[in-house]
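Enquirer: Below are the chains, spelled out letter by letter.
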Amino acid sequence: MQLPPVPISRRRWLALAGVSPSVLKAAQTVPEKPLLFTGKRPMLVHNDYPEDLESPPEYFDTWITPNDAFFVRQHLPRPRVSADSYRLEIGGMVTRKVVLTLDDLKKMPRHRVPATLECAGNGRSYYRPKLPGLQWTKGAIGNAEWAGPRLKDVLEKAGVPQAAAFADFDGADTGVGQTPDFVRSIPMRKIVDEATIVALEMNGEPLPDLHGYPARLIVPGWDGASWVKWLSRITLSDKPDGGFYMNPAYRMPKHPVAPGTAAQPEDLEILEGMAVKSFFTRPADRDKVPAGGAILGGVAWAGEHRVLRVDLSTDGGSRWQPAEMGREDYRFSWRTWRFAWKPSRPGFHILCCRAADSAGRTQPIEPAWNPSGYLWNGIERIGLTVEGS
Amino acid sequence: MIVGDLLVALLLAAADPAVIEKGKAEEKRSCLPCHGLRIIHGQRLPRPTWERELDKMVRWGAVIKEREALLEYLVENFGHDKLTPPLPLSEDARKK
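Protein chains in written order, with our numbering: chain A, -1 to 387; chain B, 6 to 101.
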């Protein structure tokens, strides 16, 4: 089994000789429209319509990821929702159907929840064989403080009978052509969690349009797909929704399959909590470091569990030493870490980071290949060159 | 012998610039109504996977008239053996 490849940097790629003319020709087919996304810093663009934007890792230099640096994933074109016209309908197996306005939600007790949001497919580009889907590298992740009423309090307005086991969540976005609508279901045990909220704010501001204005679901520790944006309808049910985005999408094989092979539909289960992982945020892969050393930094998170430690190797994984953990330590949020590296010699070094969590999980060298390319959490390696003294 | 000739014919067809151009035009015509092309161009997939992606898009409402040309274009430019260029960075669009 091979280590995941060290990512090729932009500079190195451009320096590579023998770029296939067909690739260059293909690049020229992209219409040259300016890539501008309201309120965002320069982002890595996977798609412009709908918007799929990745954060470069150097934006993760703070525990909170600012709204202007936060990644964006849209399955369907973004709807325009105004505060006045916004309605949240709650129906299905409820005691009474209700329709709430934005003011109704704002009047409810407000709870603040710091939580890390990560796309299930973050890191998909590292899997071999390659998989269809967005080719995320590291940055389909971010940590924000979300605020709004608890989901269970919102549902209480409609009344929740014992028989209701799931709720289906639908946003104001709709499919183009026969594209399926984006609907996600969550079981009652997660609905009643006190950290599961309907967020109206992100880092102290109203949710930006790109992040689901005016209301989105926050499902801490679970894959980003569960965090439905532009939330407009909740339907209580005795079983999960049967649409595309619950089956076959966002499912994992119960047992790993051989790379490149299909899983039987009955062997797939709904993806819920995220994996334990860590990565470097500085320096960047292939950077030069002074002979005196450098502060290495990064983040680590573990879905619904707590990160207990991050270990660093500066010799390609032979020996490991603990990193110093940042002081913010909240369930559902990533932790920052740092490591003061004093290199023993000049020249090229391979550095690795590896997180372990409260559930006894430790990052693998490489996660099990799966047919949708979810939950990449392989040990990251970067290459740094120490300049001669 | 016939199989061999067929293979040669297929290989020639794959390299035919006219077919590739037709596929490129078909991509614009059949894909752009619903989504940008960057999500396609960022992927590197073998032919059978591109075929499955086309099947999925047809199920989701895409009207593909030149399927073979589109497939050849995708395999020629975005096959699993092609290099992936770096992602473009958007412009700074923060409120000043």
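The hints are simulated quantities; they were obtained by calculation from the structure and are not laboratory data.
Please note: incorrect hints may appear among the correct ones.
[What the hints assert, rightly or not] Distance ranges between label pairs, derived from CB positions: (1) A:97 - B:86: 47 to 57 Å; (2) B:93 - A:78: 20 to 30 Å; (3) A:381 - B:73: 39 to 49 Å; (4) B:85 - A:108: 44 to 54 Å.
[What the hints assert, rightly or not] A partial selection of chain B residues facing chain A, derived with a Cβ cut-off under 10 Å: (5) 23; (6) 64; (7) 69; (8) 70.
[What the hints assert, rightly or not] Here are the simulated PhoX-like cross-link-like pairs (lysine-lysine), alpha carbons at most 25 Å apart as the crow flies: (9) A:105 - A:95; (10) B:61 - A:128; (11) B:87 - A:128; (12) A:105 - B:61; (13) B:87 - A:95; (14) A:105 - A:188; (15) B:29 - A:105; (16) A:31 - B:100; (17) A:128 - B:29; (18) A:188 - A:237.
Glycine included, every Cβ here is placed at the ideal spot set by N, Cα and C.
Enquirer: Confirm or reject each hint.
Expert: Quick rundown of the hints versus the structure:
1. A:97 - B:86: 47 to 57 Å: holds, 54 Å
2. B:93 - A:78: 20 to 30 Å: holds, 26 Å
3. A:381 - B:73: 39 to 49 Å: holds, 43 Å
4. B:85 - A:108: 44 to 54 Å: Because 49 Å falls inside the window, the suggested range holds.
5. 23: violated, 14 Å
6. 64: Interface hint status for residue 64 (chain B): holds (7 Å vs cutoff 10 Å).
7. 69: Violated, about 12 Å.
8. 70: Residue 70 (chain B) check fails; min Cβ-Cβ to chain A is 15 Å, beyond 10 Å.
9. A:105 - A:95: Holds, at roughly 19 Å.
10. B:61 - A:128: holds, 18 Å
11. B:87 - A:128: Satisfied, since the Cα-Cα distance of roughly 12 Å is no more than 25 Å.
12. A:105 - B:61: violated, 44 Å
13. B:87 - A:95: violated, 54 Å
14. A:105 - A:188: Distance of about 23 Å is within 25 Å: holds.
15. B:29 - A:105: violated, 53 Å
16. A:31 - B:100: Distance of about 20 Å is within 25 Å: holds.
17. A:128 - B:29: holds, 23 Å
18. A:188 - A:237: Status holds; Cα separation ~14 Å.
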